[in-house]
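*Asks:* Please build the complete structure, drawing on both the sequences and the hints.
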Amino acid sequence: MGCTSLIVIVVVVGVGGAILFGPTIKKWIAEARPKFEKLAEQSKTNPTRALADGMVQLGGDRFEMVAADDEHKRYTVREKKSGQLITFYWDAKENAPKTVQGDFSAIPADAKASGR
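At position 42 of the sequence shown the residue is numbered 52 (our numbering), and the sequence of numbers has no breaks.
It is worth saying that the hints were derived from the structure and are not from the lab.
We put the beta carbon where it would ideally sit given N, CA and C, even for glycine.
Among the clues, some could well be false.
To be verified - Straight-line Cα separation of at most 20 angstroms, EDC-like style, residue types lysine to aspartate or glutamate; simulated pairs: (1) K103 with D71; (2) K54 with D80; (3) K54 with E104; (4) K91 with E74; (5) K45 with E81; (6) K48 with E74; (7) K37 with E47; (8) K103 with D120; (9) K90 with D113; (10) K48 with D71; (11) K91 with E104; (12) K108 with D71; (13) K91 with E81; (14) K37 with D71; (15) K103 with D80; (16) K48 with D79; (17) K108 with E81; (18) K91 with D120; (19) K90 with D120; (20) K108 with E89; (21) K90 with E104; (22) K108 with E74; (23) K54 with D101; (24) K54 with E81.
As the list claims (entries may be wrong) - Between beta-carbon pairs, the in silico distance windows are: (25) P118 with V76: 17 to 25 angstroms; (26) E74 with V21: 40 to 48 angstroms; (27) T109 with T55: 44 to 52 angstroms; (28) G26 with N105: 47 to 55 angstroms; (29) Q111 with S15: 46 to 54 angstroms.
*Replies:* So, in structure tokens, the structure goes:
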């Protein structure tokens, strides 16, 4: 098979895929856009919450928020299948969001949030 034949096949498959899946992709983008916009806005005011919410919202049905503490900027997400907990917290010392396996009690004592 020549290079030209391969290019023609790729173009035909690409156009066919766009015709078949175009409406589905447009629908998915329309549904996802508000979620991405909310997360982008939230990341400006509370990046730790935005990370936890993003994991829940964009992870399909795999994750759920099980604890939220906006005052101290700490959020625990559970993976439904395994039950594994992941806690997002604001590390005041490093001025950045961090994660740790487990619940709020797993957050290192020297990294407690002092507000942001």
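*Asks:* Of the hints stated earlier, which fail here?
*Replies:* 1, 5, 11, 12, 13, 18, 19, 21, 27
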